[in-house]
Each structure stands twice: as C-alpha cells, then as structure tokens.
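Asker: Given these sequences and hints, build the entire structure.
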Amino acid sequence: MANLLARLAENIFWLARYMERAENLARILDVTDTFARDRSGRNWLSVVQINADNDRFFARHAVANAESVLDFYLLDPANPTSIRSTIQAAHENARALRPILSIEMWAQLNMTLHWIRSLTAEDITSPKLSRLCSRIREACQTHAGIVEGTFSREEAWYFYWLGKQLERADQTTRLLDIKYHLLLPHVGDIGSALDLSQWNALLRAAGGYQAFRRLHPVGMNPTAITEFLLLSDSFPRSVSLCMRQAEWLLGQLRSRFRLREGTVALERLDEMRAAMTDQSAEEIISNGLHEFI
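Residue numbers (our numbering): 1 to 293.
Do not rely on the hints blindly, as some may be mistaken.
As the list claims (entries may be wrong) - Label pairs and their computed distance ranges (CB to CB):
| id | residue 1 | residue 2 | range |
| --- | --- | --- | --- |
| 1 | M272 | A144 | 23 to 33 Å |
| 2 | W115 | E283 | 40 to 50 Å |
| 3 | N110 | E283 | 40 to 50 Å |
| 4 | H290 | V264 | 24 to 34 Å |
| 5 | P217 | S286 | 25 to 35 Å |
| 6 | N287 | F35 | 26 to 36 Å |
| 7 | A144 | E92 | 14 to 24 Å |
| 8 | Y209 | T277 | 24 to 34 Å |
| 9 | R131 | P217 | 28 to 38 Å |
| 10 | R117 | A275 | 35 to 45 Å |
| 11 | R258 | T120 | 45 to 55 Å |
| 12 | A62 | R244 | 39 to 49 Å |
| 13 | R135 | A78 | 16 to 26 Å |
| 14 | H61 | R256 | 47 to 57 Å |
Calculated from the structure, these hints are not laboratory results. Being a predicted model, the structure only gives us computed values, none of them experimental. Heads up, the beta-carbon is just placed ideally off N, CA and C, and yes, glycines get one too.
Answerer: Structure representation (structure tokens):
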C-alpha cells in the first residue's frame, strides 16, 4: 500500500474503533449505575478494570466510586480512555479523512464533539446519568448509520467496519473476563440473587439482553450466557461473529483491492476461529475462561 493510503486506512480503522468504544463505555456506565447496590464498591471498580486503567485511575483518585469513575470516564480530558477523549480522538482521525468522508459524517461528528465538550459535573449526576448515556449511545449509533448510508463502498469502508468488528470482539472478551475474575471472587456467590443480577448486567452491558432472552426465555445460566457472547453466530457482538465478519472484510480487501499485508492477520483470525470452533462453552469454562480469553 502507498504511504498515504496506509495512513488513511489507519485513520478510518481507528475512527470506527473509537466510536464503538464510546458507545460501549456509555452502555457499561449506565448499566453499572442501574445495577450497583450502592455508589461505591467493586461494581464501579470493575469499570476501571475492564478498561485496564488501574494505574492511571488511582493516580488521580483515592477510591473507585460512582462520582470518581463517572468523572474519570465522562469528563476527564486528561484520561485518554474517557468518552470525551475517545470522541476527540475519533474527530481527529476524521479530520485527516475529510476528503473521503461524506458531509453528513463530518457534520454529525462535529455536533457530537461540541456537545460532549459542553458536559459538566451537573450533567453526570445520578438523576441525569441514564439519559446522558442513552444520548451518547444514540450519537454513536447515528454515526454508524450515517456511515452505512452515505460512505462509498471503497477500501476505506472495509477498514472502517474491520475496526468496528475488532473493537466489539475486544469489548466482549473484556466484559466476560472481568465477570469471572472480579465480580465473583467468592464461590458462595454463584447462583445467588447477586450472581444472577450480575449476569443480567453483563448481558445488558454487551447490548445482548433481548437477543439472549429470545433464545433463553427463562433462567440466567452462566454457561448459556458465555456461549451466547463467545460463540453465537447471530448476535452482532459475539466474539465468533465479529471474527467471522473481520475475516470476510479482510478477504474482500485482499480480493477486491489487492491488499497484500493482510495475510498474517487472516492467519491469526483463522487460528482464533478454530480455537472457538473446537470447544464448547462448557469446555472453555472448564479449561479456564480467563486463560481462553
């Protein structure tokens, strides 16, 4: 690939990842606030750990509670993983892509960034938080819809959706990993009301509650949930489906646009898909979900 094209590919890839990341983080914050039994404790700490931000967070805050975590992830411009910083990064990547973006894509990103920058501590208080997170998700989903409806089906489009699929897979694996190793440190919690509530929250944080309920109308079986989030062939954020979509996108880039650098990536995707195909959810859990992820 030419240097210019390589830079554009990287910009569009990360534009997609940042917008998907912002949507996922808004959903996680909303679900955490809804299901946390109080505004302190391990539920809020789990948000920090999902994002691998322990060192950065505790350099700024003494404890992980609702107030500190929400400030860190919604307002803090010095935190590169905050929604404010993520939308800013998406906008910076989009700026480099102005010649190929649709007018609608650029205008909507500008409006979203302007609004996010205007948020204050008053806007993230508990009575307003759910609506705020919903608006952030809607802005990110609107962006994805505009991309789908106005962006030409050329190389950049494929790199955009490749970034989105990989970000989705990454977010789903992080959620599952944290569930097993942080939210349930005590064996006695398994099967309790707290445990079921946490699995419910996990499905909602992944945007998969209704889709899961269509398959499993009754009960909240951890193995079934793990299978759904890892191995489903129909849920858009399952790791298996994201990997399959990523594999198809890379294949299209190679066959239609003669991308040569995708060989190693395709081989890695083949390996990951084979690892998931060769094991059931029960086997994955038995052998160690954390190790598998």
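Asker: So, for every hint listed, does it hold in this structure?
Answerer: Results of checking the hints against the structure:
For M272 and A144, the hinted distance range of 23 to 33 Å is satisfied, since their beta carbons lie about 24 Å from each other. The supplied range of 40 to 50 Å is met by W115 and E283, whose beta-carbon atoms lie about 46 Å from each other. Roughly 48 Å separates the CB atoms of N110 and E283, a value that falls within the hinted 40 to 50 Å. Range check, H290 to V264: about 26 Å between beta-carbon atoms, so the 24 to 34 Å window is met.
The supplied range of 25 to 35 Å is met by P217 and S286, whose beta-carbon atoms lie about 26 Å from each other. At roughly 29 Å, the beta carbons of N287 and F35 sit within the given window of 26 to 36 Å. Remark: the range hint 14 to 24 Å for A144 to E92 is upheld by a beta-carbon distance near 19 Å. Between Y209 and T277, the C-beta spacing of about 26 Å keeps the proposed range 24 to 34 Å intact.
The beta-carbon spacing between R131 and P217, approximately 29 Å, falls within the hinted interval of 28 to 38 Å. Look at R117 against A275: about 42 Å separates their beta carbons, and that is inside 35 to 45 Å. One distance hint, 45 to 55 Å for the beta-carbon pair R258 and T120, holds here, with the actual separation near 50 Å. The given range of 39 to 49 Å is respected by A62 and R244, whose C-beta atoms sit roughly 44 Å from each other.
A hinted range of 16 to 26 Å holds for the C-beta pair R135 and A78, which are about 23 Å apart. At about 48 Å, the beta-carbon gap between H61 and R256 stays in the expected band of 47 to 57 Å.
In this structure, every one of the numbered hints holds.
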